[in-house]
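Participant: The residues making up each chain are set out below.
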Amino acid sequence: MRLLLVEDDENIADFIVKGFKEAGFAVDHVLTAEEGLQCAELVRYDVAVLDIMLPRMDGITLLQLLRKRTSNLPILILSAKQTVDERVLALQRGADDYLVKPFLFVELLARVQALVRRASGAGEATRYVCGDLTLDLLRHEVMRGGTRIDLQPRKFALLVCLLRNEGKIVSKTMILEQIWDFRFDPQTNVVDVLVCRLRNKIDRDFPVKLIHTLRGIGYVIKRPDQAT
Amino acid sequence: MSSNGQTKRLSSTIGFRIAAGYSLLVFLSFLLLTGIAYSFLTATLTGNDRKQVEVELRSLRVKYFEGGFPAFEKAVIDNDRYRKNNPFFTRIQRPGSAAEVYFPHYWEEFNLSLLESGLPADKDGWIHLPSGTGRFELEILNAELLDGFRLQVGIGTEDRLSVFSRLQETLLFVSLPLLLLCLCGGAFLAHRSLRPVRQLIQTVESIHGGTWDARAPRTGRGDELDDLGRLFNDLIEKINVLVRGMKNALDNVAHDLRTPMTHFRNQAEAALRQNAAPDGCRQALQVCVEESDHVLSMLNTLMDISEAETGTLYLNRRVVDFSSLADNVAEMYRYVAEEKGVVLESDIQPAVSLCIDAERMSQVLANLLDNAVKYTPPSGNILLRLEQNSNEVHISVADNGPGIDAAEFDRIWDRLYRGRHEARGIGLGLSLVKAITLAHGGEIRVENRPDGGALFIMSLPLMAES
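From first to last, the protein sequence lines are chains A and B.
Numbering (my numbering) for the first sequence: 1 to 228.
Numbering (my numbering) for the second sequence: 229 to 694.
No lab work stands behind these hints, which were simulated from the structure alone.
Do not rely on the hints blindly, as some may be mistaken.
[Said to hold, decoys possible] List time: in silico DSSO-like cross-link candidates among lysine-lysine, alpha-carbon distance up to 27 Å:
1) B:Lys568 x A:Lys209
2) A:Lys172 x B:Lys568
3) A:Lys21 x A:Lys222
4) A:Lys222 x A:Lys18
5) B:Lys568 x A:Lys201
6) A:Lys172 x A:Lys201
7) A:Lys222 x A:Lys201
8) B:Lys602 x A:Lys172
Note that this is a predicted model, so its numbers are computed, not measured.
Starting from the given sequences, assemble the full structure and let the hints guide the process.
Facilitator: The following block contains the structure:
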């Protein structure tokens with residue numbers, strides 16, 4: 001996996017580069033949009049992460065230029081909270097996803113991986129397995145240790161969201177976005193409530209717990225022997 | 229008048245300019261009027277003198293034609309005898325003999341021999357003979373009689389000129405005090421009419437110096453400067469309220485930031501002191517992340533509110549199914565409500581479409597429901613209702629919590645205002661609700677239900693304002 005990062009803030013860039021390298025990405029980091037454009041012409045990238053606020057040429061312009069050249073390069077925009085809603089503009093101009101600074105790295109990683117997965121054309125799995133838990137999307141069925149578990153649609157959706165990122169952390173923001181399509185912080189513990197209910201269904205009666213909480217970061221579903 | 233401790237030049241003050249302009253104008257008008265009067269007077273006096281000369285010349289001529297030279301001479305001598313002061317100069321020239329001036333002792337100031345050489349006449353036929361001193365002159369008119377006789381009659385300008393010079397002296401004598409009077413009057417008027425302006429400047433300076441309760445004194449006359457004073461006072465009052473509000477808000481923000489930041493710091497410090505224990509460090513880091521998220525979300529909300537209030541909030545409006553949006557939010561909060569033992573019911577009219585920013589409007593509904601869940605005691609219930617009439621969509625959230633104190637009705641929308649019963653939260657939710665509702669061209673109000681609890685009613689126009 002080769003990732004292009006255009007970010008002029010060295011601190012943030014270091015943090016991102018380090019994270020992606022740990023996750024097995026090859027990362028090319030440049031400071032300006034012009035350099036980013038040159039790199040994109042020389043190398044075939046699997047995904048690009050662009051900051052909006054850049055010296056001289058801004059991220060939106062770079063985004064448009066990249067779109068013209070390589071129409072299928074997945075691009076994620078990083079934006080700071082601005083008075084004019086740049087995020088919407090970025091999506092209109094062809095970004096595949098955006099993330100507002102400051103962000104959790106796990107969230108950036110998850111979003112980038114999702115973009116790569118979507119771009120590589122790998123079809124969505126229809127069946128997920130995690131330890132003795134299985135979820136069948138087509139039959140809308142959840143089994144644990146041979147017992148069928150009935151789940152409400154939201155809980156089912158939450159479980160799919162966790163399983164799709166098996167072994168990886170899913171942040172509260174991602175859950176809010178994927179389950180309720182909320183791209184804002186409702187300042188409430190609804191995610192905790194929903195996760196708690198899902199646990200009651202799939203973990204409470206079983207000695208081996210699959211769903212784990214990472215305080216302050218999010219949740220992860222994994223086999224007992226699996227590392228995060 | 230001074231500004232920045234530097235004394236202004238007198239000439240740069242408005243008072244001075246008004247006074248100088250006023251006195252100059254009055255003085256110039258005086259000069260113009262007296263000038264016109266003076267030239268009119270001189271023209272009249274000169275005209276009168278000349279007319280007399282012409283009349284005398286004509287009558288002497290008539291005498292000459294009627295009775296010849298003897299009659300003429302008799303008339304000249306009679307004239308001198310019967311008139312107390314004979315003003316006329318009479319000279320006659322007969323062919324073949326020297327010119328003769330009657331009563332030459334009257335005209336000793338003049339060098340009469342100059343007339344022999346024949347002085348040129350001006351375009352009206354007048355000959356001007358200057359006196360020996362040159363201060364006045366003799367104005368003479370010619371007449372040709374029969375047989376080569378030539379008659380000259382003139383008049384001295386001394387009397388006339390002395391009137392003129394007396395007049396000039398008087399005018400000069402009057403103009404100096406008049407100029408002084410104009411200056412004083414102008415200065416007085418300028419000083420008086422600019423008094424409110426000076427008071428305003430003093431007020432601004434004392435406000436600049438930190439005395440925020442200084443106000444411009446009012447004259448009560450209702451003129452422009454009084455209006456200016458009133459407007460200025462109103463403006464300062466408004467600024468005062470805003471500044472006080474901002475100061476309070478800042479104090480509150482500082483307080484609200486201090487709590488999580490202190491917690492944040494304490495955790496980090498404790499973790500550093502522990503030295504080992506990766507589990508302890510891990511736990512401390514988790515708290516740090518949580519607290520920093522808290523601070524960030526608070527800052528984001530504050531920015532949203534100020535954007536919405538200053539009108540710079542970007543609304544990504546499109547037509548959405550408002551009913552399903554409301555359903556979605558209600559469904560989400562139902563989990564939170566159930567957790568607290570509160571029943572959240574909804575009565576949502578299906579298929580209501582509105583052109584709104586879906587994300588922001590979800591946030592509004594979420595904040596209203598969050599507020600309701602927060603204040604409703606266990607086993608209470610909440611009702612979210614959405615209905616559409618001919619030109620508006622009404623959304624109401626009713627709870628059966630403690631309701632709202634009469635004193636708090638207006639304040640609950642204030643930024644960082646926290647009701648007496650508020651358990652958690654940062655007091656920004658409702659101000660964001662109000663700001664976003666207003667940005668959508670809607671309205672929101674709150675009342676207490678007759679059977680207890682609060683009722684929030686929001687109205688959104690069906691036709692979105694472009």
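Participant: Hints first: check each against the structure and report whether it holds.
Facilitator: Taking the hints in turn, this is what the structure says about them:
Taking the CA atoms of Lys568 (chain B) and Lys209 (chain A), the gap is near 26 Å; set against the 27 Å cutoff, the hint holds. Taking the CA atoms of Lys172 (chain A) and Lys568 (chain B), the gap is near 21 Å; set against the 27 Å cutoff, the hint holds. Distance restraint check for Lys21 (chain A) and Lys222 (chain A): the Cα-Cα separation of roughly 22 Å lies within the 27 Å cut-off, and the hinted pair is therefore satisfied. Using a Cα cut-off of 27 Å, the hinted pair Lys222 (chain A) and Lys18 (chain A) holds, with the two alpha carbons roughly 24 Å apart.
With a C-alpha separation of about 19 Å, the suggested pair Lys568 (chain B) and Lys201 (chain A) falls inside the 27 Å cut-off, and the hint holds. Restraint check for Lys172 (chain A) and Lys201 (chain A): satisfied, since their Cα atoms lie roughly 20 Å apart, inside the 27 Å limit. Taken as a hint, the Lys222 (chain A) and Lys201 (chain A) pair is honoured in the structure, with Cα atoms around 16 Å apart against an allowance of 27 Å. Restraint check for Lys602 (chain B) and Lys172 (chain A): satisfied, since their Cα atoms lie roughly 21 Å apart, inside the 27 Å limit.
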